[in-house]
Amino acid sequence: MDTAIHTEKETWGTYQKHVADDNYYYARSCIRQNFFPASEYMFLHILRKVLGKHVYDDPNHTTCTGIGYHSDIVPFETIQTVVARHFALMTEAGLENIAISCVTSFGIYTEILETWQHFPEQLEKTREFLYKATKREFNLPKNIAHTSDIIYKFRHEIAEKAVYKLVHAQTGEPLNVVEHIGCHYAKMFPTKGIGGAEFPQVLSGMITAWGGKVIDYPERRHCCGFGFRNYLVQANRGYSVSNTYKKLESMQPYNPDFILTNCPGCAMFIDKWQYTIAEMEQKTFDSQGKGIPVLTYEELAALVLGIQPWDVGLQIHQIQSESLLDALGIPYDTALKYVDKQGNQLPLPNKPNNLLQ
Amino acid sequence: MIDVLIIGGGIAGIETACSLQELGLETLVLEKEKQIGGHLNNWDTLFPTKRSASEILEYYAEQIRKKSITIYLNTTVTSIRKQDDGSFEVHTSREVSFKSKTVVMAHGFSLFNAQRKEEYGYKIYENVITSADLEQTFKQNNDVFVNPMGKIPERVAFIHCVGSRDEKSGNHYCSKVCCITAVKQAIKVKQLSPQTQVFCFYMDLRLYGRGFEEMYREAQEKWGVQFIRGRLSEVAENIDGSLQLKAEDTLAARPFKMSVDMLVLMVGFEANKSTALFHNSCGVACSESRFIQPRHHHLSANATNIDGLFTAGTSIAPLSVFDTLNHAKAAAFAIHSYITK
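Chains as they are written, first to last, in our numbering: chain A, 1 to 357; chain B, 1 to 341.
Just chain B, same shape as in the assembly (with noise of 0.2 Å):
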């Protein structure tokens, strides 16, 4: 019987079973995908400090190298069953199943699909795309910096917020990294291409951790990034193919108009399809917004309201990279002392 099995490759799942390997337990990870990193393989850079989001999947892939991980590739959990002893037996796609003391759900996050919000022109309208599409224009480190239409935009505007704290997309909750994730693309779009005007359209502005507030003070005085409180009412396309975005300024209380040749939403986190699966063969409870449910918020994070299921990372709730590395540490305490009281 394995000591622990991780569910998920991403981050989470990784920093859980390296910090698990060095307390001496056994581990497996299971990752649905055909590599281990999760989203950050379709991520550029990172916030604050704009690092490369491949060096930290390159520092986890030495680490597994280093500790001898055993990873499954391509191998999906289907369902959790707690047994009598006490003990889970997990099911897989590959017609598998493992048996384990306990089980670390780190299987992530979706990224909220935009084109539910339809107003918006997502997959509709060429030059509207998502802050994930975003950085993948980043990743190809192209010299020239233009829109899908092959034009340097004169005008760039994000939207935040699209998909959570919104009731229409039955998300209430804030995503927590879309706000700084937008300062952030706003100054490298500046820094490729200065003639820009970029405009954020903010409901709140949550800068929450170390150094985004510096962040976002860097993207309006160095790089004259406008930040407008708005919320946009809907896209429309102009003949030429720019967008025409219908909004409302609530400082200043006034509906206004305005042409831009490229609109990025910043698309939130969803609860990954998998915690609906979990939830229905093994009972784990979820909270409302249908992330797992922690079994207390302050004092067992990792643990669930079934002994020897735990979590790391995003299947909790958003979480920024720093927050989910830490909450994946935690989960490893969490598991040794559960499994060696």
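The following block holds chain A by itself, in its conformation from the complex (with noise of 0.2 Å):
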């Protein structure tokens, strides 16, 4: 198995991209705000506060269209003019290193800087289109990168600040985490994703350098379930929840504690069709019928940070964290779960009929 193991690096090897060091442009998600809503904050607070780095997060920065895009409601035109647009937003911030926070956006960009790189005659109509619109002018980044990647660039500055780790509290044995990759990170352009497209090791690299024992599952490259059609038409609906469920149903003999995810759609969906298939089918992946944890990279670093689970979001998650932060030893007070930064009590959520709480 050693050599499997030395091989499989060797082939990792291949795929390392330059991530640049400081001084990102932050390019936010449209739906991850919603789903995941400390995600964003915690990615700027670490790079901000732990690391020292500049992050500018600029207020007049937009959708890049992608799901509209992906729909075919917006013409690839429009959205190259928006892109472009972005760009002339960091041109303008003096920035060269775009940020990008969804991994939807970072295919898109990605895209587009190939079409150009291969299609001059794209860019230069695009230059013209925004400035036709704008009157604005841009350059192109010097640096593209996922904010995963910037989070797997600094994992090990992260594990020295650590104050836990990836392992059973009462054990000691590291925990079983399923990471789950975005199809658009870098299935599209496998040199273009830190481990390709067939291993990405961008959040694997992030769990062994935390303490974590990465699962490999025979379904662990498959779609998260939410594939833009097969959720946005509704009648296609069954094909989202049945992608999901094949995975689940994959990974559930090797016991995961948590699920990994650099996505905005697959952190959503992971999430959320565990609960409509305990309602549909009484059926849970886990062992204690409370389902499988999902997290995102930025709460999973900042849990390990030692900030506090509800500053991190995990309540606003469909399926609950207190099973994951238990065996972490992660201290939690459920008196302020659902209560505000002002301490005033939230509402509280409906419980779910299937699902332990």
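Hints listed in this document are in silico derivations from the structure and should not be mistaken for laboratory results. Note that this is a predicted model, so its numbers are computed, not measured. Beta carbons are placed, not taken as given, at the ideal position from N, Cα and C, and that holds for glycine. Treat each hint with caution, since some may be false.
Said to hold, decoys possible - Simulated pairs of lysine-lysine, DSBU-like, Cα-Cα distance not exceeding 30 Å: (1) A:Lys17 with B:Lys257; (2) B:Lys222 with B:Lys246; (3) B:Lys273 with A:Lys17; (4) A:Lys213 with B:Lys151; (5) A:Lys246 with B:Lys257; (6) A:Lys246 with B:Lys222; (7) A:Lys283 with B:Lys151; (8) B:Lys273 with A:Lys283; (9) A:Lys213 with B:Lys246; (10) A:Lys246 with B:Lys273; (11) A:Lys17 with B:Lys168; (12) B:Lys246 with A:Lys187; (13) B:Lys273 with A:Lys153; (14) B:Lys222 with A:Lys187; (15) A:Lys246 with B:Lys246.
Unchecked claim - Here chain A is said to cover these stretches of chain B; the calculated rule only asks that three of the stretch's residues, wherever they fall, bring their Cβ under 8 Å from a Cβ of chain A: (16) 118 to 129; (17) 229 to 241.
As the list claims (entries may be wrong) - Some chain A residues close to chain B (C-beta under 7 Å, calculated; not the full set): (18) Pro218; (19) Glu249; (20) Gly306.
Put the two chains together into one complex; each comes in its own frame, and the hints tell you how they fit.
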């Protein structure tokens, strides 16, 4: 097995990419602030306060329109111009490194930059469109990274400052962690992702650096179930649920402690479809009937760094994380779970019928 | 000055040397390894006769002794230079150079590195091996056939065209011998382990040679090997170390999943790395497939674009042992004709 592991690392070694050290222009996601409200805040907090980096969070930045593009609603010329505007904002901010929060957006930016490289006339046309519409001009970014690339880059620095390791507090055994990478991270352009498309290292590298054990299960590379049309067209949603079901069923024998994702859609669907499947079939994929917690990499980094779970926003998830917090030995106060920053009690969510909490 | 310098002591090089010796020409063979025989040293049996590869090697070892053919082992050719007088200067890793009237490039091929098809999991999952690895297993002559994890496999799958006819690998050509090798190896697995189910996933079956089609029928009718026209998309490991295959049955037009205990990747041929070296040092023409380009496909299959520079065997394309030896014999006649004209 040692040989196998060694050669797997060699394969990964061919897909390493340069990630800028500092000075990032932050491109936010449309949906992450709704479903995982503290993730992007935690990214900024960790980069600025823990690692001492400069990140510009621009209020003028907008959606990339990627969901509209993948639904054939937004034409390619339009999305190129929207992305060009983002590059113009980055240029105006005096920055050259773009840090993209969303995997769909990361795929869009990468696809557009590749298009401009191979079809320079498209770039010139886009410059013209943007100038006519906004009088803005732009430089291309020198470095393009998904924000999981950046956390991966600084995973060892985070490990040095870690308060908790990804081990069972009582036994000292490493936690079993399933990672799921968004399809648009590297499946379209394998050289643009850390570890390529087949064995991406971006999340597994964080898990091992922080003490956990990565599970390789048969449907590891399968789609989370979002797949745009699978979900956006209501009649297709059965495909979406069945994709997620296939993944969860495949990982179940390994008894994962939690699932780590780097894509907004993946985190959302793997989390929320567990509730749907429990309601539809009275089935959960963990031994306790509570579901398998799904975390974003920023939430995980924040937990490892000792930030309080309710400040990380874990209570907003569909699958609740108390079993994971207990395993990690992270203390929490249940009374404060649904209390806002001013100490006001928030409305309590309804409890699901078939998912224990 | 030597009449003929032969690069490569595989079967092509040795057969060329033997034939030339019979035609009265002086030869010198340079072999980079510590023994002659090339890839055949790693092979158990040959199709379609199932004859032991070692018998062929023993035959040529005897011929070398009988004909007193000179061979330098552990000698890698680093460049070939054409001289103004039409002769060649051949430089080697031993810091010795040779002058010869003609040169034969019989340096063979390289096996496709299956790690480049990451989705097939070679060197990542323990039970994924190549056709070359399986020949090594057969050579050990064990009584019981087991997978790399030591289990008698219930199911074995062979994947044809790994690194051949594959745009992603940059190899558009067919490697010619993989189909029949899979048939031969599938039969051998059934002989060693009759209870094992064997599946071959193919794109097209190219059973062009004498006795190949008969062997394919034998595999199906006598041994129950199942042939599925289908492409493997990816391999993953189950919790017990078995392998989950995701494939498409292209006849039924249906995707399907299957678990097997062992996966054999039929690795194809690629041009030997030395070919590019020779191209750079003497300007020998190569085809799009990166193998050496014969001067004329039908009429001068051993000659190259450079007078006096010849080829023998798989330096020009994937060839079976049968075709390699015939190409090598033809090389000897072409060289004899060139020198004596």
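Hints versus structure:
1. A:Lys17 with B:Lys257: Outside the cut-off at roughly 33 Å; violated.
2. B:Lys222 with B:Lys246: holds, 28 Å
3. B:Lys273 with A:Lys17: holds, 28 Å
4. A:Lys213 with B:Lys151: Satisfied, since the Cα-Cα distance of roughly 26 Å is no more than 30 Å.
5. A:Lys246 with B:Lys257: Satisfied, since the Cα-Cα distance of roughly 12 Å is no more than 30 Å.
6. A:Lys246 with B:Lys222: violated, 38 Å
7. A:Lys283 with B:Lys151: Roughly 34 Å separates the two Cα atoms, so the pair is violated.
8. B:Lys273 with A:Lys283: violated, 56 Å
9. A:Lys213 with B:Lys246: Holds, because 26 Å separates the two Cα atoms, which is no more than 30 Å.
10. A:Lys246 with B:Lys273: violated, 44 Å
11. A:Lys17 with B:Lys168: Judged against 30 Å, a Cα distance of about 21 Å means the pair holds.
12. B:Lys246 with A:Lys187: holds, 17 Å
13. B:Lys273 with A:Lys153: Violated - the C-alpha atoms of lysine 153 of chain A and lysine 273 of chain B are around 36 Å apart, more than 30 Å.
14. B:Lys222 with A:Lys187: Violated, at about 43 Å.
15. A:Lys246 with B:Lys246: holds, 13 Å
16. 118 to 129: holds (count 6)
17. 229 to 241: holds (count 5)
18. Pro218: Hint on proline 218 of chain A: holds, closest Cβ of chain B at ~4 Å, below 7 Å.
19. Glu249: Violated. Min distance 12 Å.
20. Gly306: violated, 34 Å
Of the numbered hints listed earlier, those contradicted by the structure are 1, 6, 7, 8, 10, 13, 14, 19, 20.
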